[in-house]
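Assemble the whole structure, with the sequences as input and the hints as a guide.
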Amino acid sequence: MSLTLTSFLQFVTIFLLLSWALYLVYRVGQIYNGPVFTMLIGAYFSAYVVRDLNWPFGLALLTSMLIGAVASFIPALRLARASAFATAIATIALVFIGQAVIRNLEFLGGSFGFFHIPIVDYLLPTSYIAVFVIGFLIYRLDHSRTGRAMEMTFADPDLAAAMGIDIFKSRVWLQTIAGTLGALAGVFYAFHIHTIFVTNFGLDMLLASFCFLFVGGYTTMWGPVFSTPVLWSISIFLPAEIATWKGAIYGILLIAVLIIHPNGIIDKRLIRIIRGKCQSIFSRRANYQIEEARNEVK
Amino acid sequence: MNVLLAISINGVAAGTIYALLATGFNLLLLVVGVIQFAYPHLVVMSMYILWMTLKATGNNLAISLPAAIAASVGLNLATEPMFRPLVERRYLTASFVLSIGIMIAITDIMQRQINNGVPIGFPAPLTSRDAILRTGLATMTVGQILTIAIGIAAVIGLWHLLYRTQLGRSFRAMTQSHFTARLLGIPVNKMSLGIYSIAGLLGGILAILLAMTQGAASAPLATNLAIKMLAVAIFAGLGNLRGGLICGMVLGLVESYSLNFLPGDWTNTIALGMVVGAVMFKPEGVFSPRA
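So the protein lines, in turn, are chains A and B.
Per our numbering, the first sequence runs over residues 20 to 317.
Per our numbering, the second sequence runs over residues 3 to 293.
Simulated from the structure, these hints should not be mistaken for lab results.
Note that the Cβ used here is the ideal one computed from N, Cα and C, for glycine as well.
A hint or two may mislead.
As the list claims (entries may be wrong) - Covered by chain A, according to a simulated footprint, are these stretches of chain B (three or more residues, beta-carbon under 8 Å):
1) 55-61
2) 95-108
Claimed, not checked - With beta-carbon atoms standing in for the labels, derived distance ranges:
3) A:H162 / B:R86: 50 to 60 Å
4) A:G183 / B:W161: 42 to 52 Å
5) B:A126 / A:A262: 36 to 46 Å
Unchecked claim - With a cut-off of at most 25 Å between alpha-carbon atoms, the simulated DMTMM-like pairs for lysine to aspartate or glutamate come out as follows:
6) A:K296 / A:E311
7) A:K287 / A:D161
8) B:K192 / B:E82
9) A:K188 / A:D161
10) A:K296 / A:D286
11) B:K284 / A:D175
12) B:K192 / B:E90
13) B:K284 / A:E311
14) A:K188 / B:E286
15) A:K287 / A:D175
16) A:K188 / A:E170
17) A:K287 / B:E90
18) B:K284 / A:D177
Spelled out as structure tokens, the structure:
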């Protein structure tokens, strides 16, 4: 596999994890940027323990996820009660505080970056297995009672609370899960690019994930699955003259989608239509096969 | 003592900039119902237009300064049709996401397309570092004096407009409910355009003041200002003009002192720590909201 394709596939998993992390918390009406904060923690922690302390990669990955979960759970106890906008700003602030802390820690390379992160065999298959497992779990969550409660909370938090849904608890857990996914994305990122700088985990990363989520569609988990590879391919597969406008294209797409189709390109209606079409095709084929079998019997 | 005075002057000048940014942001939020996170990006884009006009006219300030203000008003007005469908559907969160889209696009243009992505520097007539007032080590430049004076005048002027005029009463009616304001005969769409123009005017003035005090502009400056603006707005309480002014000043001073007295690069962390603390322990802001 070519290096470009490997890199493309790897970045798709990283941004898919990040977009899903944002998606989960947005489902309960909060804009949560914590995943980029835990991504920073996950990337630096795993890189440090594997390179300098010789930990095995698997252990570093699991520990990073645990640290990401703790780092998002503690602020979540307060942030779960804040408004969507306040949560967005406070978590952006956490990203910049994290950057400032690492910039002042010399053993992590400070502003100069953390170099020579070891190569890990099977990083790409590992990350795809992780994405499939997480995707399956999110799908199950979406189609469970909790998923319906999340949808209700997004539509009307007051009504959801009146119906007995514990909004605080669901927000805390979803923020924790999102933080864990962020840390996981951070580990994959660090071991893919082998050199990390604090500036990698900033607003650019956040804005790109936002774009993938809202352009793809925030009402189902399939939105980012569609938009992440499509939008990420702009910078890799398109001619250089177009690729230099990547940021502007992302921005304009985001604006256009929000004005024309605020739910994003892939929404629940589209999923229902696609499912209906697939079912009708399959049922037509099944009917045809039954008809054929009957004719053979005759 | 002189050092302390010099640091304080720098802090107040920076604080006035933050306060003005928060004022423009709060105006759009209060009256139109839009979370315009990209407001500082429009200000910095106006700085770029100022730089281009200066370059094209051979540093002619008489043409370039009005051009920067006009550009800022134009840029802010251009965002109005984008936000309008969301305002009509009362999608406040979506307006925040849309402003992120504007931010991404503008950042990319500044970072890659203008001056080959290299930060721009303003010429001497605009960025004079000559001290007007001098007390020992403490000096005050034209830019600093103008920033503080214009900042305070702008906030007083806005306060007068909002609370002492008929127009202001209409604006305040819109903050309560666009629907009711329309029923009362207030031309809501026209008024919204007026607020965008005022925010743009404020942005244009800010662009000039920033060019005078900073002497340079770049995409990271816009991001940095956006963070500070939100820090002030959240800490003061969203939509609070008076609180925004006070918190802007406080942030400028705290930042200036920390830059001089703390080791390492902790200035942003203090501002951001204030935001996290405010959201976690006093989500409605230090001052009561919409005072």
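Hint check results:
1. 55-61: Three-residue rule not met by the stretch 55-61 of chain B, so violated; n is 0.
2. 95-108: holds (count 12)
3. A:H162 / B:R86: 50 to 60 Å: violated (36 Å)
4. A:G183 / B:W161: 42 to 52 Å: holds (46 Å)
5. B:A126 / A:A262: 36 to 46 Å: holds (38 Å)
6. A:K296 / A:E311: The given pair, whose Cα atoms are some 22 Å apart, holds under the 25 Å limit.
7. A:K287 / A:D161: holds (12 Å)
8. B:K192 / B:E82: holds (11 Å)
9. A:K188 / A:D161: At roughly 17 Å apart (the allowed maximum being 25 Å), D161 of chain A and K188 of chain A satisfy the hint.
10. A:K296 / A:D286: holds (16 Å)
11. B:K284 / A:D175: With Cα atoms ~24 Å apart, K284 of chain B and D175 of chain A stay inside 25 Å; holds.
12. B:K192 / B:E90: holds (14 Å)
13. B:K284 / A:E311: violated (71 Å)
14. A:K188 / B:E286: holds (21 Å)
15. A:K287 / A:D175: holds (18 Å)
16. A:K188 / A:E170: Given pair K188 of chain A, E170 of chain A holds - Cα atoms ~15 Å apart, limit 25 Å.
17. A:K287 / B:E90: holds (23 Å)
18. B:K284 / A:D177: Roughly 21 Å separates the two Cα atoms, so the pair holds.
Checked against the numbered hints given earlier, this structure breaks hints 1, 3, 13; the rest are met.
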